[in-house]
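The sequence shown: position 635 = 635 (my numbering), numbered continuously.
No wet-lab data here; the hints were simulated from the structure. We treat Cβ as the ideally placed atom computed from N, Cα and C, and that holds for glycine. A hint or two may mislead.
To be verified - For each label pair, taking beta carbons as the anchor points, the in silico distance ranges come out as: (1) T578 <-> S636: 50 to 56 Å; (2) F616 <-> K147: 26 to 32 Å; (3) N301 <-> K147: 38 to 44 Å; (4) F360 <-> I243: 21 to 27 Å; (5) I243 <-> D366: 16 to 22 Å; (6) K147 <-> L499: 41 to 47 Å; (7) Y406 <-> D286: 20 to 26 Å; (8) I517 <-> N301: 30 to 36 Å; (9) Y159 <-> S468: 20 to 26 Å; (10) F235 <-> I462: 42 to 48 Å.
To be verified - Okay, derived cross-link-like pairs now, SDA-like style, lysine to any residue, Cα gap no bigger than 25 Å in a straight line: (11) K200 <-> T650; (12) K147 <-> E38; (13) K200 <-> N592; (14) K459 <-> K510; (15) K249 <-> S302; (16) K147 <-> T88; (17) K458 <-> E514; (18) K686 <-> I62; (19) K176 <-> I228; (20) K147 <-> Y297; (21) K692 <-> F557; (22) K233 <-> F291; (23) K459 <-> F557; (24) K521 <-> N603; (25) K147 <-> K233; (26) K543 <-> A631; (27) K647 <-> I600; (28) K635 <-> K510; (29) K212 <-> K233; (30) K495 <-> I600; (31) K442 <-> L101; (32) K200 <-> N213; (33) K49 <-> G230; (34) K635 <-> L585; (35) K242 <-> E154; (36) K459 <-> D506; (37) K49 <-> Y157; (38) K242 <-> E38; (39) K521 <-> D119; (40) K176 <-> N213.
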Amino acid sequence: MSIQFLSAQTKIEKDTIKKDELNEVKVVAKSRAKIVSEEAIKIEVLDVKELQSSSTTLGDAINRMSGIRVRQATGLGSANSIIINGFTGRAVKYFKDDIPLDYLGESFNVLTLPTTMLDRVEVYKGVLPTNLGADALGGAVNFVTQKNKKEHLELSYEYGSFNTQRFTFNSYSISKNEKYFAGMDGFINHSDNDYWVDAKVIDPETGTLSEKNVKRFHDKFTNGYAEIYGGIKNFSFADELKIGITLTKVKKDQQHGALMTNPYGEIYIKEAVIAPTLNYRKAFLDNRLIFTNFNTYSLINSQVIDSCGCAYDWYGNKTLIPAREGEADANGSLANIDFRNFINRTFLNYTINTTNSVSFNLVYSDQIREGSDPYGPVYFHSGRDILSVPAIYKKLVASLGWESRYFNEKLTNNFIVKNYHFETSGTDGGRLSYTEETIKNKGKNYGFADALKYKINKKSFIRTGVESAYRLPEQGEIYGDGQFLLSNFNLKPEKSFNLNLGYRYDAINKYYFETNIFYRKTENLIILVPVLMPFSQYNNVNKVRGYGVELDGGYHFTNWLNISANLTYQDLRLFGITDPAEVFLNEARLRNTPFLFGNISLNFNKNNVFKSDDTFKAYYNYSYTHNYYLANVPKSSESSNIFDTPKIDTDLVIPTQHLHSAGIVYSLKKEKINFGFEVRNIFDEKLFDNFKVQKAGRSFYLKIRYLFN
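With the sequences and hints as input, model every part of the structure.
Structure follows, in structure tokens:
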């Protein structure tokens, strides 16, 4: 007899079994992460449970996934984004349990999130399923939190280089009749981020720039997150009704701007969030109709403090400049901005029969920005603070999907249509503002997607996807920031046409191989461009098209030793440039975007090594990133062979990088007590990321995790 878990339901090949024929019962179970990764829609799934006792960060783990690169400006808490098939920034959307993450501010992101809070991370490439209602262009990341079933209390503490400290706690309690539950999740992160870098420093005697090894001295980061919730389950009027509140705080020093040019010594950013939530779930018609509804009204307060009329050098020396009010901005900043966010998500799924189901998702968001800055810009005639005028942004994304299965579920098809709608209301925001006239704008677009999977046999399948998607302009892109970012009420939504084709072969617990190719054509790409220095503005400028190839595979030497590897090449280039001053950039690669990268991971995992209830794990990870260009470089300036030395100025080249990391995890009492140790950047290589900002050298981390049951 063979029992296989191919979906949420259990499928048994035979209803009756004669007792004398039952010699062996073999159970083949697939994890939820495994099931999700084999859907028709292309999803890369990271099973976070395997990482919870190690010192590996969520960002590092995602960075080793096929076709994905995590970008971060510096160390823990720095600005970050994810590249998926060449798209990054706002083109990639983030979710927490299928809900857009806009309402949680900066505390809940790939660099600060502890692995202990999550069950898995789903990375979508191209087509998004109906349950993720968003205007994503290049993909999406869904952080799926743990769904508690048993009472527990879990604590962990990690200490590492640069005074990095991370504390996490997770708790859950449920009544004996399983009708009432409550829980609390949270974490605290801190790091001084005071690692050594090579920066260009002005020689006081000659006035020339020369590269010196200096220590980052103003890059501390501290944040806290707490989510308290409670609710009821298994009542006639609700399968689950959950009420919660999330509280966060962030303080982040600013060492420099986007580039490592002028260091700052006193600029910092603060943020605080209060976000009550209400989540409701109910099944009707013998579980054929599932209804869920989520609501939140969050308050986000953001502050930018730049009030030192001074300048710092890379040695931490301070020079007062009476003519200035700030460091980065001569006028200084005491910006205090409030964001009020309302999000409602309604999702329905109706199972028509065993082979057909239809789903509908509606996500409505309403954001209001209002604030003040005594150092900030004012309207020319009235002298009123520009930030004090409310900027309003409303967005609605509706999705309707049909999933069909044919030929004994060998063929699966997902067809989705989407409607995108937005409305804006506000005034021009920037130091050049002369009018207080309210400007309104709105837009509506339609998109579609289709994902098809054909199961060749038990071990292999092919899948393909096609999508016409839109990404609506964000509030900040439209209204500016009231300082040096000017408003643009004429922004158009980004549009992208995407194609995907992939094949996977999986001999379970032996080896697997997967290959995927994709094609993208994107128009009206929204990018930040200089207008009149020091001002900048978001505009619809670039068009991008190209293709990519991903290879991913793994091999199990034994049940306790395995290796996995992946390699990605993407050729994404600008096209359609008509400006005579920039027409030479047609066919140039996307700036600041890796185009060839890969990873290798070796894992050892064995039970009962020193004691009968212990587990020993060891791992080694290698990450390769080929050199790429900081700026848009004409195709004629590229080397004929990508492995040749670039022909352009080395200052415009982000060099090839090799990152080696390794660690061990030792667990006792059936993994209730866990000790993890990790060394990152073993060979102390010079590593760079976004806009050639240098990252940390060799570093060490120790983690202790204890699980009370």
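(request) Please work out if K692 and F557 have their alpha carbons no farther apart than 25 Å. (result) Measuring from Cα to Cα gives roughly 39 Å; hence the hint is violated.
(request) Decide if the proposed pair is consistent with the structure: K442 and L101, CA atoms, cutoff 25 Å inclusive. (result) holds, 23 Å
(message) Quick check: does the Cβ-Cβ distance between Y159 and S468 fall within 20 to 26 Å?
(response) Violated: the Cβ-Cβ distance is about 49 Å, outside 20 to 26 Å.
(message) Between the alpha carbons of K200 and N213, is the straight-line distance 25 Å or under?
(response) The hint holds at about 9 Å.
(request) Could you see if the CB distance from F235 to I462 stays within 42 to 48 Å? (result) Holds, since F235 and I462 (Cβ atoms, about 44 Å apart) stay within the stated range.
(message) Given the hinted pair K459 and D506, is their Cα-Cα distance within 25 Å?
(response) holds, 5 Å
(request) Decide if the proposed pair is consistent with the structure: K647 and I600, CA atoms, cutoff 25 Å inclusive. (result) violated, 29 Å
(message) Given a hint of 21 to 27 Å, does the C-beta separation of F360 and I243 actually sit inside it?
(response) Once the Cβ atoms are compared, 25 Å apart, the range 21 to 27 Å for I243 and F360 holds.
(message) Hinted pair, alpha-carbon criterion (25 Å max): K249, S302. Please report holds or violated.
(response) With Cα atoms ~10 Å apart, K249 and S302 stay inside 25 Å; holds.
(request) Verify the proposed pairing of K495 with I600, using a straight-line Cα cut of 25 Å. (result) Outside the cut-off at roughly 35 Å; violated.
(message) Please verify whether K147 and E38 have alpha carbons no more than 25 Å apart.
(response) holds, 21 Å
(message) Does the beta carbon distance between F616 and K147 stay inside 26 to 32 Å, or does it fall outside?
(response) holds, 29 Å
The structure fails hints 1, 3, 6, 8, 9, 16, 21, 24, 27, 28, 29, 30, 38, 39, 40 (numbered hints given earlier, in ascending order).
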